[in-house]
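In the order they appear, the protein sequences are chains A, B, C and D.
If you're matching positions, the first sequence starts at 1 in my numbering and goes up one per residue.
If you're matching positions, the second sequence starts at 1 in my numbering and goes up one per residue.
If you're matching positions, the third sequence starts at 1 in my numbering and goes up one per residue.
If you're matching positions, the fourth sequence starts at 1 in my numbering and goes up one per residue.
Be careful, since some hints might not be right.
No distinction is drawn between identical chains; accordingly, a pair holds when it is met within one copy or between any pair of copies.
In silico EDC-like links for lysine to aspartate or glutamate, alpha-carbon gap of 16 Å or less [stated by the list, open to error]: (1) 272 x 335; (2) 9 x 37; (3) 272 x 220; (4) 9 x 50; (5) 112 x 87; (6) 49 x 284; (7) 223 x 131; (8) 137 x 81; (9) 112 x 332; (10) 112 x 300; (11) 135 x 81; (12) 112 x 122; (13) 137 x 192; (14) 223 x 58; (15) 252 x 110; (16) 304 x 340; (17) 9 x 284; (18) 304 x 155; (19) 272 x 130.
By construction, these hints were calculated from the structure, which means they are not laboratory data.
Remember, it's a predicted structure, so these values are computed and weren't measured experimentally.
Protein chains: 4
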Amino acid sequence: MRDSIYSFKNDYSEGAHPNILRALAETNLHQHVGYGEDDFSKRAIALLKEKMDNNNVDIHLVSGGTQANLIVISSILRSFESVIAADTGHINVHETGAIEATGHKVNIIEGKNGKLTPDLVEAVLQQHTDEHMVKPKLVYISNTTEVGTVYKRAELEALYDYCKSKDLLLYMDGARLGSALASHAGDLSLGELSRLVDAFYIGGTKNGALLGEAIILCNDKLKNSFRYSLKQRGALLAKGRLLGIQFLELFKADLFFQLADRANSLATRLSKGIEALGYGFLTESESNQIFPIFPNEVIEELYKSYAFYPWSKIDDHTTSVRLVTSWATSEEAVEAFLRDLKEKSEK
Amino acid sequence: MRDSIYSFKNDYSEGAHPNILRALAETNLHQHVGYGEDDFSKRAIALLKEKMDNNNVDIHLVSGGTQANLIVISSILRSFESVIAADTGHINVHETGAIEATGHKVNIIEGKNGKLTPDLVEAVLQQHTDEHMVKPKLVYISNTTEVGTVYKRAELEALYDYCKSKDLLLYMDGARLGSALASHAGDLSLGELSRLVDAFYIGGTKNGALLGEAIILCNDKLKNSFRYSLKQRGALLAKGRLLGIQFLELFKADLFFQLADRANSLATRLSKGIEALGYGFLTESESNQIFPIFPNEVIEELYKSYAFYPWSKIDDHTTSVRLVTSWATSEEAVEAFLRDLKEKSEK
Amino acid sequence: MRDSIYSFKNDYSEGAHPNILRALAETNLHQHVGYGEDDFSKRAIALLKEKMDNNNVDIHLVSGGTQANLIVISSILRSFESVIAADTGHINVHETGAIEATGHKVNIIEGKNGKLTPDLVEAVLQQHTDEHMVKPKLVYISNTTEVGTVYKRAELEALYDYCKSKDLLLYMDGARLGSALASHAGDLSLGELSRLVDAFYIGGTKNGALLGEAIILCNDKLKNSFRYSLKQRGALLAKGRLLGIQFLELFKADLFFQLADRANSLATRLSKGIEALGYGFLTESESNQIFPIFPNEVIEELYKSYAFYPWSKIDDHTTSVRLVTSWATSEEAVEAFLRDLKEKSEK
Amino acid sequence: MRDSIYSFKNDYSEGAHPNILRALAETNLHQHVGYGEDDFSKRAIALLKEKMDNNNVDIHLVSGGTQANLIVISSILRSFESVIAADTGHINVHETGAIEATGHKVNIIEGKNGKLTPDLVEAVLQQHTDEHMVKPKLVYISNTTEVGTVYKRAELEALYDYCKSKDLLLYMDGARLGSALASHAGDLSLGELSRLVDAFYIGGTKNGALLGEAIILCNDKLKNSFRYSLKQRGALLAKGRLLGIQFLELFKADLFFQLADRANSLATRLSKGIEALGYGFLTESESNQIFPIFPNEVIEELYKSYAFYPWSKIDDHTTSVRLVTSWATSEEAVEAFLRDLKEKSEK
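Bound-form chain A, shown alone:
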């Protein structure tokens, strides 16, 4: 802990899992070609295909989530085509107009617990009927969502079937996909996922890597010339090995899933403890992000020892906050938080 304030702000407060640092050190002086064509990247990609038991995908490793989103989306869409997203969707608010900067409108709909359904998407299609309006072509979802919820397999199947019936493509932002796949509320495997979307990415940054997201292109039509898009948007790292080594390390002994499971378990411990103290939540606690609702004065007290973000005002007296755990969260911090919350709640 860096100082007396412990942070539950996010899942990228620390560096990388030690295995990754060790692998970087061990391979450091090996000479490799650049720009993602090194052996590490190739082996990582082969391993990922194996893990999803799916050879019919193309995989590309990039640095970050906004980068992944803007490259995938701009690569898929023609200039007048748009992407549909929930109002809470990361591309809507929190990427500084990155999608629009590539020329595309984001059609916003109010999601249900951060999720999209066929009905919600249908409402957007109904409004877009001719060439005086953009042509919705891609549906963007996040898993876990930005409010910590998780898509069930049946939900995803229904959405994907709908998309196919409407000539829409489906793309999943997996910045926190590890947590979604490891969720007690989830029932999807990586392999199933790769058959239920047209493209997605597996987030490394928020699950143990220094940086790195693996873009998975499932639909054959999206695969052609993708490396041109990567290069053009500044996403081909000269030392692409840095990404390959990390994904290799994360997946070679299922570390990725173990880390996600640990993050989820600690979040569950937090949420159950908070619930036991009588507090409610903004959304179901299904992943490594939970959104308890506290009285404002309790929040002020907690700020003295813990860092976390306020999320939304519930009423004049209470606010939901976001608590995030990760592979690196200490059990002691979780216990201390619950102890302190109990004490401050009893005041």
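Fit chains B, C and D to the known structure of chain A by using the hints.
Quick look at chains B, C and D alone, frame taken from chain A:
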């Protein structure tokens, strides 16, 4: 050495200087805020300002050179403004139209040894006289250039004075700035440089870092809201500490300059050895990239033990090649190359 | 009337006011320079400045409204800056993502009767607090609005004052500005308007011209190099005289205002007649667009003789429709519509 | 003639052919739907297909050449794909970076008399070999070229065959296509042309219309959703009838070809007269643009009575100039020019 072929292809074949890996490990579990606002990044930025004895600059750390170029250039230019570059300039050919993808034309002129001069730029201005043509606004130069040459202080002063007189801005791509500053042919300090351009970047990737370039905004007019541009183009890493830690390590004991000096020295040893064997060069050997001209059959022989890129056909029998050294190049490999060259030349 | 169906669909169903055709014929063989630098355009611009008693504006003539909007907005904004619009705003839905295609997000808020107020804009600013989100910079309003309402001077003053206090710019889409200025509900003059916004355009197409919109840049900061933007977006007509001649004709004897007044009067006659028959309206009838609410079976009957657009479903039995009048609408058609409506209502 | 200076500057100095003005007046009060779906536009499109004896094309009418170019090119290309053009190509220099503003690089090659050949295009392909460079996808040519030359059928066939063999598309800018088709040096019909390119446009502005270019999409792959692109770039005129009426008038009795023939004949008379006086030319005189070379003092004398553009400096004493004729050029002016030239040459 990964296999029996030793690579002189580039300066990013290996990982990072060991000091960097050590620093990453030592700080790994410290909690820090994300997106470049961590203490490491702040300290690295303060240190860079100190090294250039210039507090009147803004500094931002990003992942790669194409990313730096496209963000700086698109942030500076209005939609109808263009950037002038030498035909050899990296943004012209080797960035997959990254600048054009942000909406801007690159005006190309044939450079002199990869460099631009006031006369060359003037010729472009003469051709662009009204609103039926783009308005050239920015001059892009590389140092070292893509053909290994280095700007002298007087050359840069002349160019910057010219630019100011024409209301043009001057931007330097410093992917290999370390090598330029450490060059026997150069006479510029980092501090002087920061007063002779409007913006530049200091390349880390090709001089000891895993990844990372430091964008330096010198002209006050370019500083406003720059972080918005970073975010929009996908360049704000969640774990920005990864960049901060590396630049801190590179500059805290002048490691950056020592590594560049080592790379240059090995290139000089190579070029002097090659020259002693009677071979000529495409351009002056001033940095860590040299361009000897060899008979084609000698090149074929060398390929059996060394990897390097052919550069340009000189005539039907000879070709210039590019040999690149780095902080990680082994002295043994340099000696072996010269020995093998001598032997193959004597055949 | 082209056939037995009379159209109240819009205000661009006919050609141009006969004066315009006459002027085109009279000047047809005069030789003039191209691209908007002809004498007609210069005289039209001088006349417009005179009509608004404001020499401190720059004026440029273009072909259409979407073109005007995309050029003005993209010329004003830096890449990460956004434009705020009402949900009904033309740039939001009905321009096929033209603004996003130039790289900018449109921030949408639900308007009040199609209008924006300081409070509504403030809500958007509150949500956009740092570089992870776009930076709202421009407020887009339409006058008349897309639902036929008109900004009062006090409303515009309040909005402009607010914008200035927040470093926002204010831009008015004047596709139907003639109707707004001639509205019984309005109290703004063209000259006042030119001092209450940073930029606007005066629509010619919907008020008697074959095509043509006059972009007025009021804020000095927006004037520089604007013709470059025009050319780059394909808006500089070789025979710019076509636009100059038309605006000259429209404004030289205040024809523009007379045509708008006529259109409004006919709309008022329609709305008063409809009201007298006991029908209500979706919004106040303030301009040449009115939105009466009819039973669905009445609408079906009316379709047999009149063309017009359904606007929005009110309930299962009634729908609001849009009726538009113009300078070219025939009084007979208005009377016939009211007669037929009366008859069909009595069934 | 507007004043004592007669202009040979271009072919858009006057208004429209009188037939067009008459047709506009005659149809003026007919009510029609907007945005290019009016009967006039539909009939004009049907007529154009008939004239080229080719029903397998899609046709769209737009306002101007830069608009046509930027819409066609951006509609065809993916973000990393580029367009190849001759250095003299209009999109290279004279459209203010309109193509780059839609995100695409223009690869420039020095043309031969303003024309491209398979060999020239091949040289560009040779230089673009992987994803670090843009992917050339479209070849842009102009007919007539910007230096007044005309593509022969065999030249076009060779280029089109080459393009098909390399998976390149071929697009012809026909701003002055009328003059090319009517050229004594040409041997192409409109119908043949429509089978020898993937897309082209027929320029109306420079051959008798007030404004208007007809985009012809020949390749099926380019047709889908094109009206979305038109709308997004601001090219759908509310009163699209203005374009339909003009093209109908231009083609219904082959007026288009007659006007082009007249322009060419006058240019030929000029060029033969100039040649007879002993002057040479920069390029062959094949169309309505000719480029005689005159002593500078002769040019100064001519400027007293005629307006025209200097084109390029030949040596310290002589300059090539551009003389352009059109459907509206007066025979008297041509004769007067030759008389004056003779007189001034004899001084």
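Intra/inter-copy verdict for residue 9 and residue 284 if alpha-carbon distance must be at most 16 Å: Neither way: residue 9 and residue 284 sit 19 Å apart in one copy and 50 Å across, limit 16 Å.
16 Å Cα threshold - placement of residue 131 relative to residue 223: This pair counts as between: shortest inter-copy Cα distance 14 Å, intra-copy 27 Å.
Within, between, both or neither: residue 304, residue 155 at alpha-carbon 16 Å: The answer is neither: 41 Å in one copy and 46 Å across copies each exceed 16 Å.
Residue 112 and residue 332: within-copy, between-copy, both or neither at 16 Å Cα: For residue 112 and residue 332, neither the intra-copy (34 Å) nor the inter-copy (52 Å) Cα distance is at most 16 Å.
Same-copy or cross-copy closeness of residue 252 to residue 110 [CA-CA at most 16 Å]: neither (39 Å within a copy, 50 Å between copies)
Copy assignment of residue 137 with residue 192, given that the CA separation must stay at most 16 Å: Neither, since 23 Å and 37 Å both go past 16 Å.
Intra- versus inter-subunit Cα pairing at 16 Å for residue 112 with residue 300: neither (30 Å within a copy, 37 Å between copies)
16 Å Cα threshold - placement of residue 335 relative to residue 272: Within. Shortest intra-copy distance 12 Å satisfies the 16 Å Cα cut-off; inter-copy 66 Å does not.
Within, between, both or neither, where residue 9 and residue 50 count as close if Cα-Cα is 16 Å or less: So residue 9 and residue 50 fail the 16 Å test inside a copy (34 Å) and across (32 Å) alike.
Status of residue 37 relative to residue 9 across identical chains (alpha carbons, at most 16 Å): between (35 Å within a copy, 14 Å between copies)
Within, between, both or neither, where residue 272 and residue 130 count as close if Cα-Cα is 16 Å or less: Neither, since 50 Å and 33 Å both go past 16 Å.
Intra- versus inter-subunit Cα pairing at 16 Å for residue 137 with residue 81: Close inside one copy (6 Å), not across copies (21 Å); limit 16 Å.
Of the numbered hints listed earlier, those contradicted by the structure are 3, 4, 6, 9, 10, 13, 15, 17, 18, 19.
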